[in-house]
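> Taken in order, these protein sequences are the chains called X and B. Quick note on the working numbering: the first sequence kicks off at 1 and runs consecutively. Quick note on the working numbering: the second sequence kicks off at 1 and runs consecutively.
Keep in mind the hints are simulated off the structure, nothing from the lab. The beta-carbon is built from N, C-alpha and C at its ideal position, and this holds for glycine as well. Please note: incorrect hints may appear among the correct ones.
[Claimed, not checked] Using 25 Å as the maximum straight-line C-alpha spacing, the simulated DSS-like pairs for lysine-lysine come out as follows: (1) X/Lys81 with B/Lys44; (2) X/Lys44 with B/Lys116; (3) X/Lys118 with B/Lys150; (4) X/Lys250 with X/Lys44; (5) B/Lys81 with B/Lys44; (6) B/Lys118 with X/Lys150; (7) B/Lys81 with X/Lys81.
[Claimed, not checked] Covered, in the sense of this in silico footprint (three residues per stretch, anywhere, with C-beta under 8 Å from a C-beta of chain X), are these stretches of chain B: (8) 58-66; (9) 100-112; (10) 217-224.
Residue strings, one per chain:
Number of protein chains: 2
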Amino acid sequence: MCELLGMECNVPTDIVFSFSGLRQRGGRTAEHADGWGLALYEGKAARVFLEPTAAASSPLARFVADNPIKTLLAIGHIRKKTRGPVTLANTHPFVRELWGRDWVFAHNGTVRGARKLKLGRFRPIGTTDSEHAYCHLLEVLRSSFRDHPKKLGDLRQALAEAAGRVGRRGSFNFLLGDGQRLYARCATRLCYIIRKAPFGFARLSDDDVAVDFSEVTTPRDRVAIVSTVPLTTNEAWTHGEPGTLWVFDKGRLEATLPSR
Amino acid sequence: MCELLGMECNVPTDIVFSFSGLRQRGGRTAEHADGWGLALYEGKAARVFLEPTAAASSPLARFVADNPIKTLLAIGHIRKKTRGPVTLANTHPFVRELWGRDWVFAHNGTVRGARKLKLGRFRPIGTTDSEHAYCHLLEVLRSSFRDHPKKLGDLRQALAEAAGRVGRRGSFNFLLGDGQRLYARCATRLCYIIRKAPFGFARLSDDDVAVDFSEVTTPRDRVAIVSTVPLTTNEAWTHGEPGTLWVFDKGRLEATLPSR
Chain X
1 MCELLGMECN
11 VPTDIVFSFS
21 GLRQRGGRTA
31 EHADGWGLAL
41 YEGKAARVFL
51 EPTAAASSPL
61 ARFVADNPIK
71 TLLAIGHIRK
81 KTRGPVTLAN
91 THPFVRELWG
101 RDWVFAHNGT
111 VRGARKLKLG
121 RFRPIGTTDS
131 EHAYCHLLEV
141 LRSSFRDHPK
151 KLGDLRQALA
161 EAAGRVGRRG
171 SFNFLLGDGQ
181 RLYARCATRL
191 CYIIRKAPFG
201 FARLSDDDVA
211 VDFSEVTTPR
221 DRVAIVSTVP
231 LTTNEAWTHG
241 EPGTLWVFDK
251 GRLEATLPSR
Chain B
1 MCELLGMECN
11 VPTDIVFSFS
21 GLRQRGGRTA
31 EHADGWGLAL
41 YEGKAARVFL
51 EPTAAASSPL
61 ARFVADNPIK
71 TLLAIGHIRK
81 KTRGPVTLAN
91 THPFVRELWG
101 RDWVFAHNGT
111 VRGARKLKLG
121 RFRPIGTTDS
131 EHAYCHLLEV
141 LRSSFRDHPK
151 KLGDLRQALA
161 EAAGRVGRRG
171 SFNFLLGDGQ
181 RLYARCATRL
191 CYIIRKAPFG
201 FARLSDDDVA
211 VDFSEVTTPR
221 DRVAIVSTVP
231 LTTNEAWTHG
241 EPGTLWVFDK
251 GRLEATLPSR
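Given these sequences and hints, build the entire structure.
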């Protein structure tokens, strides 16, 4: 199993605090030592840091934590492999361009018989069930809409349905970003919190670190954080209902759809 | 104008020495301060470091130089913008997946009327002539072969012809990698060197640095380096003929094709 971390905000925010917590789980406080990745959007493009090694002891992960990049949308992942060897190609998150923007995807769980899922223009580079399922999902979206969906509602409905079909093959918790929105599907374990005014203290579960968000925010700021498990001990996280797709935009939960 | 750096080898090699020279040109010894990028392959997948800032003063570029990653194939770029603002989406190299592998592209020059070049499944994320031309090139390859070309000769011929057509619109020096080979087209300025036994000293043009390659290599090693201008002062670089495509494989110049 792996762990997921997503952040979606209305003002550029650095993900260091949450990433520090996730990073500790990559080989120190939990056994997810088979790779890590972090995608940070700037507009429609994502920069992605990837390493097929433990995040907790990675100099690059430390560099990313020490040199924060502010972003409106980020997706992170630490891997405990279930399928596919430890290689760069098998390291989440995965990225593909569709409709002139980067789509970023990270998965927690296992999809049985993923290779039976139909592919089209997107092909896996590595050997994981996750990347195969991702390529299938994107192909469903592409073939449903050709030149970009006209209505957002149609897109999220198509995504919820396709993800539900894939989810019948196992556990398909995932985060998907398109540079604008964060889509988060809960199959077994996923939770979120929205930080907004009045901001207060938060204490990481996995590290001896606390931050007073009131010192680094304005009253307008809204930050949605999605994670496999709560990353802090003193905040109220909302746990997902299995078979649900959340859509976050500008730090708000914009929609909750059934995805079975 | 921008500057290109490619490396293609028969054993995993770190690109730090050449990247150090290129990095100095990104804002210190030359005015290419509008971004830099470096793609390092591991098999069919590439990890890409990108920043829309000057390489010479970039902490991330220093980190990459200080924490060398060995690879068989790397493509680097520093940008002096001619078209398109300084954003992450406009920072080379660009990456797209085709036939289950990452294709990495970096361009030096300007393509006039690039937006008239026909697109298909690959769409630009940014606003540069370079990325548009790249998406066009990949679409030509994809639509020519569908499920991967059966013969390498057919692929490189199609690439040389398509690049030649694009090249009539301006200056189209580029590096293109597919995880196996490095394709390098010379329109105006491009040169290469192949380092092999007996290895000797090399001294960087742009930095007070020299390295004795005989200390870090074995007699079997072969490393091809391609660059906009010679990076060292004491080696014999081969300058490209305008309208030529070089193909490098396992540290050898495998083929030279006309591309007009």
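> Hint by hint, which ones does the structure fall short of?
Numbers 5, 7, 10 - these are the hints that the structure violates, sorted from lowest upward.
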